[in-house]
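*Asks:* Chains as they are written, first to last, in my numbering: chain A, 798 to 992; chain B, 798 to 992.
These are calculated hints, taken from the structure and not from any lab test.
Please note: incorrect hints may appear among the correct ones.
[Unchecked claim] Label pairs and their calculated CB-CB ranges: (1) A/Arg870 to B/Gly903: 13 to 23 Å; (2) B/Arg989 to A/Arg917: 38 to 48 Å; (3) B/Gly881 to A/Gly945: 18 to 28 Å; (4) B/Gly881 to A/Thr874: 29 to 39 Å; (5) A/Gly945 to B/Arg989: 29 to 39 Å; (6) B/Arg991 to A/Glu975: 16 to 26 Å; (7) B/Ser814 to A/Pro805: 43 to 53 Å; (8) A/Gly841 to B/Arg815: 25 to 35 Å; (9) A/Phe811 to B/Thr879: 24 to 34 Å; (10) B/Lys952 to A/Phe811: 16 to 26 Å; (11) A/Ala923 to B/Arg815: 21 to 31 Å; (12) B/Pro805 to A/Gly841: 22 to 32 Å.
[Said to hold, decoys possible] On the chain A side, residues computed to face chain B include the following (Cβ under 10 Å): (13) Tyr865; (14) Asn867; (15) Thr888; (16) Pro889; (17) Cys890; (18) Ile921; (19) Asp922; (20) Arg925; (21) Thr929; (22) Leu944; (23) Pro948.
[Said to hold, decoys possible] From the structure, some residues in chain B lie toward chain A, with a derived Cβ separation under 8 Å: (24) Glu842; (25) Gly847; (26) Asp851; (27) Tyr852; (28) Ile856; (29) Ser869; (30) Leu886; (31) Thr894; (32) Ile897; (33) Pro927; (34) Leu944.
Each residue gets a CB set at the ideal place from its N, CA and C atoms; glycine is no exception.
There are 2 protein chains.
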Amino acid sequence: MSRERIEPQSGRAFEMSRGEILRVIDPSGEQVADFIAFARADPGEWLSSGRTFDYNNTIYLTTGHVLYSNRSRAMLTITADTVGRHDFLYTPCSQETFDILYQVEGHHPSCLENLVVNLRPFGIDADRIPTTFNIFMNVEVAADGTLGILPPRSKAGDYLEMRAETDLVVGLTACSAEMSNNYRLKPIEFERRRP
Amino acid sequence: MSRERIEPQSGRAFEMSRGEILRVIDPSGEQVADFIAFARADPGEWLSSGRTFDYNNTIYLTTGHVLYSNRSRAMLTITADTVGRHDFLYTPCSQETFDILYQVEGHHPSCLENLVVNLRPFGIDADRIPTTFNIFMNVEVAADGTLGILPPRSKAGDYLEMRAETDLVVGLTACSAEMSNNYRLKPIEFERRRP
Numbered sequence: 798m799s800r801e802r803i804e805p806q807s808g809r810a811f812e813m814s815r816g817e818i819l820r821v822i823d824p825s826g827e828q829v830a831d832f833i834a835f836a837r838a839d840p841g842e843w844l845s846s847g848r849t850f851d852y853n854n855t856i857y858l859t860t861g862h863v864l865y866s867n868r869s870r871a872m873l874t875i876t877a878d879t880v881g882r883h884d885f886l887y888t889p890c891s892q893e894t895f896d897i898l899y900q901v902e903g904h905h906p907s908c909l910e911n912l913v914v915n916l917r918p919f920g921i922d923a924d925r926i927p928t929t930f931n932i933f934m935n936v937e938v939a940a941d942g943t944l945g946i947l948p949p950r951s952k953a954g955d956y957l958e959m960r961a962e963t964d965l966v967v968g969l970t971a972c973s974a975e976m977s978n979n980y981r982l983k984p985i986e987f988e989r990r991r992p
Numbered sequence: 798m799s800r801e802r803i804e805p806q807s808g809r810a811f812e813m814s815r816g817e818i819l820r821v822i823d824p825s826g827e828q829v830a831d832f833i834a835f836a837r838a839d840p841g842e843w844l845s846s847g848r849t850f851d852y853n854n855t856i857y858l859t860t861g862h863v864l865y866s867n868r869s870r871a872m873l874t875i876t877a878d879t880v881g882r883h884d885f886l887y888t889p890c891s892q893e894t895f896d897i898l899y900q901v902e903g904h905h906p907s908c909l910e911n912l913v914v915n916l917r918p919f920g921i922d923a924d925r926i927p928t929t930f931n932i933f934m935n936v937e938v939a940a941d942g943t944l945g946i947l948p949p950r951s952k953a954g955d956y957l958e959m960r961a962e963t964d965l966v967v968g969l970t971a972c973s974a975e976m977s978n979n980y981r982l983k984p985i986e987f988e989r990r991r992p
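Go ahead and model the full structure; you've got the sequences and the hints to work with.
*Replies:* As C-alpha cells, this is what we get:
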C-alpha cells in the first residue's frame, strides 16, 4: 500500500471498488480535504448531504456513519476517524467564493476547479458537483443558525477512513481557501487498500 | 392575482419570470412546502443550499437573504416572511425515506415523487433534484450536531415571499411526511404577482 500526495491547492480523482478503503490523511495538521463521490455505473447517482443528514440524524458524521446517495443507497461507511469534526454544509470553494466573499482580484485556485478538472475524464461536469463532504473542515452552527468557520481540529497525521459500499468515482482536494485552513495551505495524503 | 391551491401530499411546477414574486401560504398552519428552482435558460443551474449557506453565513434564511445557484448567481430573494424558521438541510421526503426511516409498507406519497412528476414536462429528472428549500419546516441543530424535526412554527395564514432574480422553473409541494407536519397533512396555497 503506497501513500499518495495531493499538493497544496490541487486535487485528484480516481475509481474505488466496492469494499476498498480510502484513508485521507492530514500530514501537517489543520488542512481540509473536500471529497465527492459518484456511482461508477451511473454518475447521475451522487453523494447527497441531505439524504445523509436525514438517515444519520446529525450534521456531524464520524465512525460508523453511512454516507448516502441521492437515490438513498449507501455509498460509503466511515470506518475510522481520529478527528471527529468534518463539514457537510458547504459547497467547495470556487472562483466566485473568492470574488464574492473575499474580494480576491483575478484567478484563485479553488476546490471546485480542482474537482472539475480532475473529474472531467470521468464524464462529470461542474453542474453535477453537489455539496462536498469537507473532511477536517470545522464549521460551528450557533443556536441562531449563524455559521462559523474555525481552524480544523486535525493535527499532523490525523486521518479519516471510508469504505466504498459500491463502485465509485471520487474526487478529493487539498482545499484552497485560506480561512478554512487556518491561513496555511498544505498538502493532503491518501492511502487505498483492498479488503 | 388569484390564489392557487396545492392539495395535501401533492405538488406543482411552473415558470417564474425575473421580478415576479411568489407568496407561499400555509392556510391551516403547521404545514411544510418543499421548494426547488432551476434556471429556465439551463436547468444545469440549480438552487444550491451549500452556496446559499456560504454567502449568507447562516442555515436559517429569512427576509433579505438571497438564495444562490450552484453557479453562485442570485436566484431568489426572500422579500417577506411571517414565520422566520425554514429548513435547507434536508432533501425532499422520498419513497425510500418512508421505507428506511418509518418502515412504511408499500407506496407512500412523497415530495420527491411530487416534484419529479411535475418537473418532468420541463425536462428535469429525479437525479437533478438537490436539497430543497423546505418552507415552514422546523429543524433544530443541537450543539453536538444532532438534528430534531419539530412541528412547523407557521400558523394559519402565515407566508413567505420570494422574488425571482432570474427566469426560473420552480417546483413546490404540500409535504407528505407525517412527522414534519405535526401528523396532519394539509394543503399549501400560493399567489404570484408581477412587479
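*Asks:* Output the numbers, in ascending order, of every earlier hint that fails for this structure.
*Replies:* Of the numbered hints, 6, 9, 10, 18, 23 do not hold.
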